[in-house]
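Residue numbers (this note's numbering), protein chains in the order written: chain A, 1 to 282; chain B, 1 to 282; chain C, 1 to 282; chain D, 1 to 282.
Incorrect hints may appear among the rest.
Copies of the same chain look alike in the list, so a pair counts if it fits in one copy or across any two.
[To be verified] With a straight-line Cα cutoff of 27 Å, these simulated DSSO-like cross-link-like pairs (lysine-lysine) come out:
no., residue 1, residue 2
1, LYS257, LYS277
2, LYS22, LYS257
3, LYS17, LYS257
4, LYS138, LYS108
5, LYS108, LYS121
6, LYS269, LYS17
7, LYS14, LYS273
8, LYS10, LYS121
9, LYS257, LYS276
10, LYS84, LYS121
11, LYS277, LYS17
12, LYS276, LYS17
13, LYS10, LYS257
14, LYS14, LYS277
15, LYS91, LYS14
16, LYS269, LYS15
These are calculated hints, taken from the structure and not from any lab test.
Chain by chain, the residues:
4 protein chains.
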Amino acid sequence: MAEISEEILKEVIKKRKSQTHKGDYGRVLLIGGSENYGGAILMATEGTINSGAGLTAVATHPLNLGALHARLPEAMFIDWRDTKLADLIKKMDVVICGPGLGMSDLAKQILVILRRCISEKQTVVLDASALDLISQDKTLLPTNAGHLILTPHQMEWQRLSQIRIPFQTDSANIDALNQLIPDSNAILVLKSNHTHIYDGTGQIFVNPIGNPGMATGGMGDTLAGIIGGLVAQFGPGVETIQAAVYLHSLAGDLIAKDNYVVRPTELSKVLPKLMKKYSEMV
Amino acid sequence: MAEISEEILKEVIKKRKSQTHKGDYGRVLLIGGSENYGGAILMATEGTINSGAGLTAVATHPLNLGALHARLPEAMFIDWRDTKLADLIKKMDVVICGPGLGMSDLAKQILVILRRCISEKQTVVLDASALDLISQDKTLLPTNAGHLILTPHQMEWQRLSQIRIPFQTDSANIDALNQLIPDSNAILVLKSNHTHIYDGTGQIFVNPIGNPGMATGGMGDTLAGIIGGLVAQFGPGVETIQAAVYLHSLAGDLIAKDNYVVRPTELSKVLPKLMKKYSEMV
Amino acid sequence: MAEISEEILKEVIKKRKSQTHKGDYGRVLLIGGSENYGGAILMATEGTINSGAGLTAVATHPLNLGALHARLPEAMFIDWRDTKLADLIKKMDVVICGPGLGMSDLAKQILVILRRCISEKQTVVLDASALDLISQDKTLLPTNAGHLILTPHQMEWQRLSQIRIPFQTDSANIDALNQLIPDSNAILVLKSNHTHIYDGTGQIFVNPIGNPGMATGGMGDTLAGIIGGLVAQFGPGVETIQAAVYLHSLAGDLIAKDNYVVRPTELSKVLPKLMKKYSEMV
Amino acid sequence: MAEISEEILKEVIKKRKSQTHKGDYGRVLLIGGSENYGGAILMATEGTINSGAGLTAVATHPLNLGALHARLPEAMFIDWRDTKLADLIKKMDVVICGPGLGMSDLAKQILVILRRCISEKQTVVLDASALDLISQDKTLLPTNAGHLILTPHQMEWQRLSQIRIPFQTDSANIDALNQLIPDSNAILVLKSNHTHIYDGTGQIFVNPIGNPGMATGGMGDTLAGIIGGLVAQFGPGVETIQAAVYLHSLAGDLIAKDNYVVRPTELSKVLPKLMKKYSEMV
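Okay, chain A solo, but in the shape it has when bound (with noise of 0.2 Å):
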């Protein structure tokens, strides 16, 4: 078990290259945002562009567009039951599916279409309900996906792993994972207050920083997010995943600092700054 250090920043977060453009930093969809829960999907993508991915869209209730554009001009949109988005999905590189997707049979159905659209060179970060969905259904697994991020807080894996809080040792999550996903694609984030990684090699890294004040809803949407960007442009592996969660929480901390509480939305907003001083560090 390794505790992550700051140095998985300056290591994942590339200067980025003149000859490129935004097609080279990846595009990312989130799918989420139901009619109770749209806030949810909004933090996840300001993590998203924040942290610098090239393309963001959206799928989501229409509800949830005008205020998706008042704050986020940046993102396209689509209506969650557009027959488009089973050919949107096979665009992208990067699709994160969960924050306030909500339990409904459309829900479901959006599962559905994702394992069937959903190949090898793409990755998924399943959060939120999207695990709950399939706590209760494991064929709604994405298996084809070239790569598989889940990020369960602590009751969401208890759902999905069926063991119990108390019994979620390193050795019982591990195996847990290997069960639900042979491949060794897959990286299990499991959030707490020093959330752990675990990938399907077997490797644990522990995420060492994080305050108290982060305690408060929209935190784990927004780190799905940031997750999504990262990945996008700097790839899948558990290094990426690793740098992300130390990014959000040093995020976090920074606002901390200054705040008793830290709004998922201001921690956004720091990303880009962030972001530029580890890419510039040897």
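We have chain A already, so just place chains B, C and D on it with the hints.
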């Protein structure tokens, strides 16, 4: 009668412990925001979220959804006509009812649902039109709540207590409060230039700070939101209410140093910084 | 003819007294904002709220509700087709009618309602398309208002007064104003690079400041809003109007120090700070 | 082939004269923003308004109205299906068509209307899907415009010119431009890491600045908006286009000093300050 001082902030606003998660900082539901007064519930919600509540949900007219998420993606949304409102109320630690609620039949029905669903582990903050509706029909009081906090301004208190403003003396107010809510678990926050707080045991606390730049629409809604946010984190004791009232005025005084009018939305923005400062004082 | 100076701000903008509440700072209703010109009423409302009105309501096309509250939760909303508009008008201290109103039949009906409901304790600020509609039909003038303030630019004044721009001399303007509104309670704010203010008694005041970076859409709407905000607080005297015109240009000059174009929304943001400064000068 | 330098900004961006009004700074209409790409037209409009256009109107899908005014109350709105669009086009100095326009039949019809209504005193900026639609049907080119500015990226230019990217040499590009638009009043802004500007007389200008943090969705939309804003104020000469391209990159470089990714909306915010600086240099 005691004057509230800065000390109450040091006492109430605790440094967060590291082994905590958002559930530890309380679930708050805000109910209000008719077609005409949608801004009121938004301003209350900004008070709640910026003062650090763990999870915040808003039951409001569906017309307000777009602006809610454009300003506050951190908030969950429910259409206030949704039959799931009753179940949602049951899951909350604090319910703030009233900002922009209006006097419609629907508003009345919501108070009936609130009264039916609330229980003794929960705190209810009643503000604005919720108080006016109760003035018309006392049976709407959600007396099953573990703690009831009323936040009328003087005219609303006149309607509720039948005491005309010039006769709203401390002893008259205490008597009226005890008559209205015989249990000692009620707190009256009587808003004026020097807001008085009365608890059910006869204690009286006076707010010595604040400024006339705060005399603008939405200031009371914001206070209701802050009260809910602090109760969610620090419990429903009268110290928490004192802290909320004092914090609200302190933030207003900070803005008023440089601004003729104190916009409620600006006031809410400085809450995380002020709270940070006092959480670290001993 | 007198040149307005900074002195007017010290004189008009009074330090607020502590024993006051929002009702003491006036109720303002803004009417305007068609489907096509919704932004105009938003910018006017930003002027009103940032200049310190106690309570602000907006009657506009329902399409504008979302953006109104996304920007300005402080404002109350009423659908401008709502039959309760007539009653609302009666409760106001100041009504600003015109920004983005448009030339529709509905706009005309609103002027009819305004004329019918307004009374002598109230001030009406007429701007933009309200003036153009009155140009077509003089009976739409709300002559029962205690004070009438017209804020045309030169072309609108040409249509209203029938004086072509090159012939808009001071004496011609005064004659036309007195003919249009025989009572001496009318004030004409004739907007140009050096806005002139004419009152019904023949006084003339010229604004010496301002800058061409302010030559951008929405600047006039913002001025109408500021006039309403100051009248609500400091009464409808010609000094208040001078202060509003000067304050608007002073804010514009402040922004223009660092900015090529002065966005109206940026201008409104600095009003609370500027007003604070002058409220404390003797 | 000449390299664009900072000098072009001093030359083009003129200090505004005091005897001017908003009409002197041009009327700009932006057309675009389908259900899926509403953010594109918002970002273009931010470029136009922040670069100082006198009056700005937006023809877009009605779904985008709320976000438009939440971000930009300065912009007027028209439903892009509104039959009054044709008349509105006739009143404009500059029409920017394309950002987020999409490839629908309606989009095509809009190009037909644009072609029919535009005349020689007007400038048209064609961007994004407008160019792709013209690639499919050359008769959609609004050739009656006094000045035509095309702003394709390399792939859009490939579709329009039939020159594959590796073969897009200066001489091939000039030939293709002259063949496409035989009059010498056309300018091609071929976007890449080092954007080239070609005018109808064979001049070539290369942009030496910019940075790869700008490789993110919406950057091109913002440039189209800035081009329109500057043409509205400084005329359609090739110097204006050089200034717009250089200003866009300079703003991007300013943001990139401290930020890993350059969000287009952040870029637009610094335009008024940059333009101020250059307007005062001799």
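Verification of the supplied hints:
1. With identical chains, the CA atoms of LYS257 and LYS277 are at most 27 Å apart both within one copy (18 Å) and between copies (10 Å).
2. With identical chains, the CA atoms of LYS22 and LYS257 are at most 27 Å apart between copies only, with a shortest distance of 19 Å across copies and 34 Å within one.
3. Only between protomers do LYS17 and LYS257 lie at most 27 Å apart by alpha-carbon distance; the minimum there is 15 Å, versus 33 Å within a single protomer.
4. Taking the shortest alpha-carbon separations for LYS138 and LYS108, only the intra-copy value of 12 Å comes in at or below 27 Å, while the best inter-copy value is 45 Å.
5. For the identical chains of this complex, LYS108 and LYS121 are intra-copy neighbours only, at 23 Å inside a copy versus 35 Å across copies, given an alpha-carbon limit of 27 Å.
6. For the identical chains of this complex, LYS269 and LYS17 are neighbours both inside a copy (23 Å) and across copies (25 Å), given an alpha-carbon limit of 27 Å.
7. Taking identical chains as interchangeable, the C-alpha atoms of LYS14 and LYS273 lie at most 27 Å apart only when both belong to the same chain, with a minimum of 14 Å there against 30 Å between chains.
8. Proximity of LYS10 to LYS121 under the C-alpha cut-off of 27 Å is restricted to the intra-copy arrangement: shortest distance 26 Å within a copy versus 49 Å between copies.
9. Both within a single protomer and between protomers do LYS257 and LYS276 lie at most 27 Å apart by alpha-carbon distance, with minima of 20 Å and 8 Å respectively.
10. Taking the closest pair of Cα atoms, LYS84 and LYS121 come within 27 Å of each other only inside a single copy of the chain (20 Å); across copies the shortest separation is 41 Å, beyond that limit.
11. Proximity of LYS277 to LYS17 under the C-alpha cut-off of 27 Å is restricted to the intra-copy arrangement: shortest distance 16 Å within a copy versus 30 Å between copies.
12. Taking the shortest alpha-carbon separations for LYS276 and LYS17, only the intra-copy value of 14 Å comes in at or below 27 Å, while the best inter-copy value is 31 Å.
13. Within a single copy, LYS10 and LYS257 get their C-alpha atoms as close as 22 Å, and across copies as close as 17 Å, so both meet the 27 Å cut-off.
14. In this assembly of identical chains, the alpha carbons of LYS14 and LYS277 lie at most 27 Å apart only when taken from the same copy (11 Å versus 33 Å across copies).
15. For a Cα distance limit of 27 Å, the shortest separation of LYS91 from LYS14 inside one copy, 24 Å, qualifies, whereas the shortest one across copies, 45 Å, does not.
16. Proximity of LYS269 and LYS15 under a CA criterion of 27 Å is satisfied in both settings, with 20 Å inside one chain copy and 24 Å between copies.
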